[in-house]
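Protein chains in written order, with this note's numbering: chain X, 1 to 479; chain A, 1001 to 1479.
One thing to keep in mind: the hints can contain errors.
[Unchecked claim] Calculated lysine to aspartate or glutamate pairs in the EDC-like style (CA-CA distance at most 20 Å, straight line):
1) 474(X) x 385(X)
2) 255(X) x 283(X)
3) 1378(A) x 283(X)
4) 1423(A) x 336(X)
5) 371(X) x 1002(A)
6) 58(X) x 22(X)
7) 378(X) x 1048(A)
8) 52(X) x 1374(A)
9) 1437(A) x 1213(A)
10) 1371(A) x 1394(A)
11) 378(X) x 1374(A)
12) 1423(A) x 1002(A)
13) 437(X) x 1336(A)
14) 1052(A) x 374(X)
15) 165(X) x 1336(A)
Think of the hints as simulated: they come from the structure by calculation, not from any bench.
Residues per chain are reported as follows:
There are 2 protein chains.
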Amino acid sequence: MEGSEFEEHGAQMLHYVTSYMDSVRSRRALPDVQPGFMQELIPSRAPETPDKWEDVFKDIERVIMPGVTHWQSPNFFAYFPTAQSYPSMLADMLCNAIGCIGFTWASCPSCTELEVVMMDWLGQLLHLPDSFLFCKPGKGGGVIQGTASEATLMCLLSARTLFFKKEREKNPDVTMGQLVDRLVAYCSDQAHSSVERAGLIGAVRMRKLETDEKGSLRGPTLKAAILEDKAKGLLPFFVCATSGTTTSCAFDNLKELGPVCQEHGVWMHVDAAYAGSAFICPEFRPLIDGVEHAMSFNFNPHKWLKIMFDCSALWVQNTDYLRYAFDVDPLYLKHENQGVMPDFRHWQIPLGRRFRSLKIWFVLRLYGQRKLQEAIRKDVRLAHEFETMVRSDDRFEIAADVILGLVCFRLKGENELSERLLKLLNADGRIHLVPSKMKGNFFLRLAICGPDTQSSDVRRAWDVIRELTDVVLKSDAKS
Amino acid sequence: MEGSEFEEHGAQMLHYVTSYMDSVRSRRALPDVQPGFMQELIPSRAPETPDKWEDVFKDIERVIMPGVTHWQSPNFFAYFPTAQSYPSMLADMLCNAIGCIGFTWASCPSCTELEVVMMDWLGQLLHLPDSFLFCKPGKGGGVIQGTASEATLMCLLSARTLFFKKEREKNPDVTMGQLVDRLVAYCSDQAHSSVERAGLIGAVRMRKLETDEKGSLRGPTLKAAILEDKAKGLLPFFVCATSGTTTSCAFDNLKELGPVCQEHGVWMHVDAAYAGSAFICPEFRPLIDGVEHAMSFNFNPHKWLKIMFDCSALWVQNTDYLRYAFDVDPLYLKHENQGVMPDFRHWQIPLGRRFRSLKIWFVLRLYGQRKLQEAIRKDVRLAHEFETMVRSDDRFEIAADVILGLVCFRLKGENELSERLLKLLNADGRIHLVPSKMKGNFFLRLAICGPDTQSSDVRRAWDVIRELTDVVLKSDAKS
C-alpha cells in the first residue's frame, strides 16, 4: 500500500469511525451470536495474493460488527468504562508512525522524556503527594504500565525483592523458597481477581481480609491479621488496598491502613484502577486521603480519563525499588546516558513498550483539566439520577453507596429474582450489564460507560429494566 | 472534538504520517539530544482549558521529533526490526473505534473469534505442527501476547503450576516454597535477558548453559545438566530454547533438545521472537525442525511481519495448561458461554486486552502470503549483500554466520577497535547500530530494520562505516 492509498483508505476509515460512533446507540449493545459464529464467515487460511481493500473494508460490517459488544455505546453499562476519544486516536496514529520501542532512554529519548513529564502532569492533576513526582525532591516517579494487573504484580514483586534483600542481610543462606513460604500479602475480600493472581504469580500467600458492611477494609482488621501472622512466624510484606472496588466501588480506609503498614514495615499499594480518574475533581480527592502512606499508587486513565487502552499509571515513592526488582542488563541494551533518565524497561514486566505518553499529552492538552473534570462529574450525576429512579420504585433496593459512576441495585427479596432479571436483560440485548455479589447479596451493576452517555440513555435503560422486571415478577407471581 | 473535526485533523495526521515516512531517510537516525532536553520545551503542568489543535500539531515537530530515534528509517540497523505498515495502522484505527476489552468471549465475541482464526492462519503460514492449531484435533491453540517476554513468563509459570500439581499428588504437604527451591529451568548463555527475568519473577533457578562455537545450545549439554541436577535432587522442569538469538541470530538445536526434554518430562518452550517471521518462507522453515517436541512456541509478528507492536504470537500444544495456570474466576467476569470458546484472560498475565487480531487480519489479507515472503527475502538478501561487502574488506571479519537479516561484524584485532568504531558511528548519527558480545568477542550488529530499506541504504551504511573506520585506524596508527 502506497502513501497515497493509505491517505485515501485512511480517510475512509476516519469516516467509518465517526459514523460508527454516531450510530452506535442504534446497535444492539450485546451481540446476538453463538460461540464459533465467525468460522463460517471467513476462509480457514490466509490468502496467497492480496485481497482488495474494498473487500476488507466491507468485511468490517459483514464479519466483525455482528459479534461486537459495543463498549462505547451509551447502552453499555457493564464492567467499568473503557476510555475512548478522538484526541487519543489521533495520538495513536502518530505513535504508530514513529513505531519505536522505548525500552531505554537511548532507544527513543522523546518516548521516555514525554512519559516523565506526563506522569508528573497526571500526578499533579490528582494532587498526589509530592513524594510521588519526578519534579519534586526525593526518589519518586511514575511509569505507564499496560494494565492495573501488571502494576499490582510489579509492586508485589518489587516488595518481594526488597524483603529478600533484607532477609539475606540477616541470614545470607536463606533461599527464595524459604522466603516465599513465609511471606504473606493482604487484600480485602472485595479486591480484584488480578490481586489474587499477582500472589499466585509471585508464589506468595495472599490473605483476603474481611471488609466492613460497606465493603471497606479497615485498619483494625489488617492489624489483627498482621499480628496473628507475625506470631506464626510469617513475614507480612505487602498490602493491596483498593480505592473503588470492581464489585461495588467501595473504598478501603487508607487513613487507617497506612499507619498500620508503616508500623509493620509493610508495602502498601493502592489500586484505584477505575476511581483514580475522579480524583482530578477536588470534591472526590478525599476518598484517597491517606495515600501519602502508600509506597505505590495506580489508576487506569484508560478507564475514565479519555486516554485509550493501554495506559495504566503507576507511581512509586522510591523508583529504585522498581528498578532493582530484576537487575538484568545485557550489552545490547546498554547506552552512554544510563542512569540519568529512567530506562523504563526495568520498571515493568515486558521489555517492549510503545510511545504511549503521546496519548496522555494529546488528551490533557486538547481537553484541558476543566473539560475532563466536567466529563467525570457528568457521569457521577447520571449515576445519581439512576439511583434516584431505582429508589423511587419500591420493588428495588440500592445494594451499595453510590459514590462515583456505578450503581449497584437489586430486586428486593431472593437473589434468584435479580438473577432472572439479568438473564432477561442480556438476552434482550438493548442494554448490557454484569452482576456482582457482596456478603451473599446478588446485584446488578450499572456503570456509566459510553463517552457520550446522556440522561436520556439512563432513563431509557431504566425503562428497559422496568419492562423486564414486570416480566420477571409476573412469571414469579404465576409460579 | 466533534466527529467532523476529527475527520479533518485525522486527514492532516494521515498526511503527516506519509510525509514522515517519505522523509524519514533524511532525518538523523539517532537524535542529538541530552537527557532532560524536553523539560524546557513543554510546560510543567497540564492546561486548565483546551490548547488549540494547531498548537498541538505544530509541537510534534518542535517537541517530539528532535528526540526521536527513527526506528522506521532505512538508516536504523539497531536491535531487531519493529514492524510498521499502513494496513496495520488502518486496523488500529478500527480497533480504537471499537474500543473493547476482549478478556472473555462475551466481552466481545468477535475479538476472541477473530483471534482464534488468525492464530490458525499464522500457524499454518509457519507450517507449525497440527498439534498447535485450534482447527486440528487435540488441545492446541494460540493466543496473542504483548511481548515475547510475557510469552516466556506465561509458559514458565504454566509449567511451574503443572509441576506443583504433580508434586502435590505425590506429597500433599509440599509447599510452593519447597518446590521453587528445587525447580530448575534452563536456557543458553545466549538467551535474551527476558528469559533470566522470567526465572526471577517465577522465583525459580534459571541455569544458563554453554553453547557451541556457533552460539547454539546442543542436546548433550542439556542432557548433562539435567542429569547433574537430578542427581542433586533438583527438579528440571522448563527449557527456553532460542531460535534466532538477539546476540547473533544463533539457533538452538531443537532436534537434539526436544527428545532430551521429552525423556525427562521437561517443558520445552521455543522463543523465536525475531526469526519466527522468516518461517513463512519454506527455505527457512528447517531452522526450527524439531519444534514438534516443544510444548510452546512463540514469535513476534510485530518484529518482522508488518503487524505492529504489540502482537506476540504464542502457541501451546495443550491450552489447558495455560488456562489453569492461575484459576481465578470472579462473578463479574462469568458468562453463559464459558468453556466453548477461549476466555483469553486466563491465557495471559494482564486481564485487559485490545482487539489486536484485527491488525493480523488486515496485514495478512492486504499483503497476502507471497508479498510477505518477498519482504522477508528482500531483507535477507540485503544482509548477505552487506556481508559480502564486509568480507571484501580485509580490515573486517564476520563474527557469526549470517542466516537471516542480521550481520555481526567487527574490526580484526582487539575489541577496543570495534568499540571505538561503534562510538564514532553513534556520535555521527547518520546510521544507528548496537553492539553485542559472544565468547569474549565484541562486535557490531547490523540488522535490516526499516520497512523500506534498499540496497542503496545498505551500501550507504557501509560507506559511513568505512569512513569512520579510517578515522579509528588512523588515530590507532598515531597512538
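Structure-based check of each hint:
1. 474(X) x 385(X): Violated: residue 474(X) and residue 385(X) sit about 27 Å apart, past 20 Å.
2. 255(X) x 283(X): At roughly 17 Å apart (the allowed maximum being 20 Å), residue 283(X) and residue 255(X) satisfy the hint.
3. 1378(A) x 283(X): Violated, at about 60 Å.
4. 1423(A) x 336(X): Within the cut-off at roughly 9 Å; holds.
5. 371(X) x 1002(A): holds, 14 Å
6. 58(X) x 22(X): Holds: residue 58(X) and residue 22(X) sit about 19 Å apart, inside 20 Å.
7. 378(X) x 1048(A): Holds - the C-alpha atoms of residue 1048(A) and residue 378(X) are around 18 Å apart, at most 20 Å.
8. 52(X) x 1374(A): holds, 19 Å
9. 1437(A) x 1213(A): The given pair, whose Cα atoms are some 13 Å apart, holds under the 20 Å limit.
10. 1371(A) x 1394(A): violated, 37 Å
11. 378(X) x 1374(A): violated, 53 Å
12. 1423(A) x 1002(A): The given pair, whose Cα atoms are some 49 Å apart, is violated under the 20 Å limit.
13. 437(X) x 1336(A): holds, 17 Å
14. 1052(A) x 374(X): holds, 19 Å
15. 165(X) x 1336(A): Not OK: residue 165(X) and residue 1336(A) at ~46 Å, beyond 20 Å, violated.
The structure is inconsistent with the numbered hints 1, 3, 10, 11, 12, 15, although it conforms to all the rest.
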